[in-house]
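Engineer: What follows is each chain in one-letter form.
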Amino acid sequence: MTAGTLTSVTAERLGDASPQLLAPGGTQWAKVSETTVSLAPTPLDAQPSAYVQTSWAGRPYGALASVGLSAVVAGDALYLRLRWAAAEPRQAISDNDTYADACAVLFPLDGKTAELATMGDERSPVQGWHWRAGTALPFVITATGLGTVSRVPDHPVSVGAAWENGSWSVAFKRGLSEQGVPLTAGASVPLGIAVWSGANSERAGLKAHTPAWLTLTLPK
Amino acid sequence: MATVSSRPARQLAMVFDLNKCLGCQSCSIACKTLWTDAPGMESMWWNIVNTMPGGGTPRDVFSHGGGYKNGEPVPGTFPPLREFGEAWGFDQEATFASGGKAAFRPLERDGSSPEWGPNWDEDMGGGQYPNSYFFYLQQICANCSKPACLEACPRTGLYRREEDGIILIDEERCHGYRFCAEACPYKRIYFNPGRAVAQKCIACYPRLEAGVAPACVRQCPGRVRHVDYMDNLEGHPYKLVHEWKVALPLRPDFGTEPNVFYVPPLAPPAFNEAGEFDETKPRIPDEYLREMFGPGVERALETIQVEREKSARGEPSELIDILIARDWNDLLGPFTANPAELDRPPRGG
Ligand code: SF4
Ligand code: SF4
Chain A
1 MTAGTLTSVT AERLGDASPQ LLAPGGTQWA KVSETTVSLA PTPLDAQPSA
51 YVQTSWAGRP YGALASVGLS AVVAGDALYL RLRWAAAEPR QAISDNDTYA
101 DACAVLFPLD GKTAELATMG DERSPVQGWH WRAGTALPFV ITATGLGTVS
151 RVPDHPVSVG AAWENGSWSV AFKRGLSEQG VPLTAGASVP LGIAVWSGAN
201 SERAGLKAHT PAWLTLTLPK
Chain B
1001 MATVSSRPAR QLAMVFDLNK CLGCQSCSIA CKTLWTDAPG MESMWWNIVN
1051 TMPGGGTPRD VFSHGGGYKN GEPVPGTFPP LREFGEAWGF DQEATFASGG
1101 KAAFRPLERD GSSPEWGPNW DEDMGGGQYP NSYFFYLQQI CANCSKPACL
1151 EACPRTGLYR REEDGIILID EERCHGYRFC AEACPYKRIY FNPGRAVAQK
1201 CIACYPRLEA GVAPACVRQC PGRVRHVDYM DNLEGHPYKL VHEWKVALPL
1251 RPDFGTEPNV FYVPPLAPPA FNEAGEFDET KPRIPDEYLR EMFGPGVERA
1301 LETIQVEREK SARGEPSELI DILIARDWND LLGPFTANPA ELDRPPRGG
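Keeping their order, the protein sequence lines are chains A and B.
If you're matching positions, the first sequence starts at 1 in the numbering used here and goes up one per residue.
If you're matching positions, the second sequence starts at 1001 in the numbering used here and goes up one per residue.
In isolation and in its complexed conformation, chain B is listed as follows (with noise of 0.2 angstroms):
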């Protein structure tokens, strides 16, 4: 029976910071582009950011089961694609027939409207005016350390490296049967209907290897996203998850320790109905955040806090240098290699 018990030699990590991402979807694109554009890969998104609280992609994406419980593995379903979101088409004679004046609908392959897609609940956030919220919250294969879709699969159709931890599917070994979609309790496998096997995130493990940080990370605007081995003390992931304790995993219920961190949103205190600010009030709800992150939310945000003001002072803080990474190489960890000027360049840029 496939279990990972024992560790890889090196882990990769990532730290995604929750306070900077611009929701702009860079990330997306760059992976969508890079590795999801052939037939079968319409609908997939193994990069995607959806607004918090929200649905997520797919619909409800934490409600699926999977992951453990007590150790115990916890049965999982695996959402029908328009539960994903598939590849929309447009009603375009529509909208010529109407002179332009009609807007563009977008419609499903069966011609229909439309019930949801990835990051369906844009900027709906929630809370109510004046104490309403959201963040964005990125989402990739977290490359766990207790891999539930790894572990699921009968035929050891994945397997993890040895060298960095990331979890790949074989796609040779694969035969569809998508027991690991079932088992991810983050929704992270997708499903390519053509050649009837299951694909995901893969870490980009090809620029890695080249010495190039993955694209989503490389493509991020926001400076969001920091890569590194864990062994490396002197890497953001070590200092950010173990020294300052600032970055969480995300679901951490979901008991797969995966290896994907996120500095919690650190939101104004709500208004008063006097209009001011009440200190004693989180604008999100604590709650929300220690379902999100684990009971180390409130401590991750108090130093955050506390390390912002130090900074407004003009005091030094590590802290916030390494969250503003003013050098942009600094977020890439090991990869700061330049793919334009490698001889040759793995894909993407």
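Excised from the complex, chain A in its bound form (with noise of 0.2 angstroms):
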């Protein structure tokens, strides 16, 4: 079911009429393959704040080696599921000194082209999924830059997400003729992926990510 890293990953169609696939840790998805994506920390030198360089300087974050990704088209929607070890849990923000896990996966927003590492800019934005532990509802954000990310206040993405023996899995559902990145059938798009791990007070650019896009295609 595990194949090598790779930087192309093709949605699998799946038949079934009532997708159970936002229960990420359900049935259905014990059948759809999945990639191993390998993560780095993103730079430090990047992050659009002196006092998040100086504080976090000689601090390791960004850990998580690698991620595991399955996409499935099902009816009229794409799932994309993320998988990744973490021990230590952080279901919830529960204080102020602790922060909640998260994952997120970046498109350029027109489908085609945006650069990664700087989140986009203004001509070629990118759009996010994000989740965060303990919130129903994902966050649909675009960027045209670090530091730029805003909330798309109405959006069509859904989540679903479990912590069970020692990992997280995390359901992502978008309708493909809905709102936002283009998701045509037969047609691929870039994608990236970030996760935070809570445990280590990870937030904002903070995180361990796909230094580049990889290959997402859609089944025809």
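Take the hints with a grain of salt, since some may be wrong.
[As the list claims (entries may be wrong)] Derived coverage of chain B by chain A (criterion: at least 3 residues anywhere in the stretch with Cβ under 8 angstroms from a Cβ of chain A; other residues may be distant): (1) 1067 to 1077; (2) 1213 to 1227.
[What the hints assert, rightly or not] Restraint ranges, calculated between C-beta atoms of paired labels, are given here: (3) A1038/B with P156/A: 29 to 35 angstroms; (4) P1221/B with A85/A: 55 to 61 angstroms; (5) E12/A with E1163/B: 53 to 59 angstroms; (6) F1090/B with E122/A: 55 to 61 angstroms.
Hint data in this document are derived by calculation from the structure and do not stem from the laboratory.
Don't be surprised by glycine CBs; every beta carbon is placed ideally from N, CA and C.
Both chains are given apart, each in its own frame, so use the hints to dock them into the complex.
Structural biologist: Structure representation (structure tokens):
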């Protein structure tokens, strides 16, 4: 079920009429292949805050080495599932100094090109689906550069998450024809992934991420 | 990267006179009922008055880092809720069962006994009898000219108003990352866990816009608080800070250039062993006052002493007149509107 580290993933088509894929640990996902995607810490000198750069100098973050990615098209929706090891899950923000686990997938807003390292720019923005433990709804974000992330008020993305046996599984769903990044049967979109470890106080730009876009291909 | 190098067009400033504060917390309650009575804000005290020397709010308030040293940001921490003090419940059952004999015992949310809270060590102070001393220290956000909070945020979640230099959190942009709370050396930022946003004193800007003084200023029975724009050369902040040089920033070593200033506490001299005043020995240690208010503190205290003596002799003293504030409205700068007389009063009285 697990392939090697790849930079290209093809979503599988699932014929099931009533997909239960927002249950990320559910049996339907067991039939879907999973790709191991390597992650690396974001560069500290790119954090858009002198305070963050100073206070995190010499302090490790983004140590998660890889995440499992599975992609399915069922009915008229795309489902993306991320799965990663989290021995000490942070399931919610429980105090001033605690941070929740989180993950996100990112695309060029036009589905074609954008700079990943800068999280887009004025001409080529990025859009992401962002899940934070303890919240029922994901955030859909757009950005035109580091530090510019803003949340889209109404969006069609939903999420399901479960922590089991030392791992998080988080599944995102979006209808192919819904508003946002174009998702077209048979076409490919660049895809980035990020994971934040709440136990290590990771938030904002302090995260493990894919340093370069992967390619996600949707079935015909 | 968010830095604010230039100054705003105008800067609002306040002066708190530590020699007049009663420790009554009317200011704290005025603020609490006005701004922080919503769910998620139970433990917030945007204005708080603590007995000094003391642990403060949160516990050991000035030891959590933040601010700047030699212009570089200093890493800080954001203490957990228990160190600010949660909104306690009381063990009413136990008191009822005892027929009212057992005192109300405060309880944390998890049923344990609190170990810290706002102004926890009220009136304990420092020094040894008969040379014990304390003073009350009022704290709000100081709308710093070099706001460590604003500059720490990696996503411009805070901004400074050009018209008065007030620092505000944009709750639409705030994603609850809390770098601002770590970076504020005065620990004047709170976290709303339900909404996952940072929140802090807003200097009552909706009141200011209606010409009404901030609630903590207007509700203070001690006439402790003076407010005005710093560019009003006739205003109390300008006169006290720049002309008389008796109002000083708190912990200037934090490097954020706060715009709340304090008239330092003038205590009587220490007693000697014979129980007489020893004019050569201060009651409050000089080094403590220097640490709190910077190197200008001795001169400021001298000036106040000289002017007080002048006033006691029946001679005029502009400084003492300002500090006494016989006409209450003199404290309020341009913000003398009475909310009860406005057609559309802002929140609060
Ligand atoms: S007191 Fe703290 S929160 Fe207020 S402006 Fe200064 S650094 Fe920011
Ligand atoms: S209301 Fe005035 S006198 Fe009372 S605690 Fe506040 S500053 Fe002090």
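Engineer: Three residues minimum, CB to CB under 8 angstroms: does the region 1067 to 1077 of chain B make the cut for coverage by chain A? Let me know.
Structural biologist: Held - the region 1067 to 1077 of chain B has 6 residues with a Cβ nearer than 8 angstroms to chain A, which meets the minimum of three.
Engineer: Taking 55 to 61 angstroms as the stated bounds, is the beta-carbon spacing between F1090/B and E122/A within them?
Structural biologist: holds (56 angstroms)
Engineer: Could you see if the CB distance from E12/A to E1163/B stays within 53 to 59 angstroms?
Structural biologist: holds (58 angstroms)
Engineer: Mind checking, does the region 1213 to 1227 of chain B have 3 or more residues with a CB under 8 angstroms from chain A?
Structural biologist: violated (count 0)
Engineer: Look at the Cβ atoms of P1221/B and A85/A and judge whether their distance stays inside 55 to 61 angstroms.
Structural biologist: For P1221/B and A85/A the Cβ distance comes to about 59 angstroms; the hint holds.
Engineer: Between the beta carbons of A1038/B and P156/A, is the distance compatible with 29 to 35 angstroms?
Structural biologist: holds (31 angstroms)
In this structure, the one hint that does not hold is number 2.
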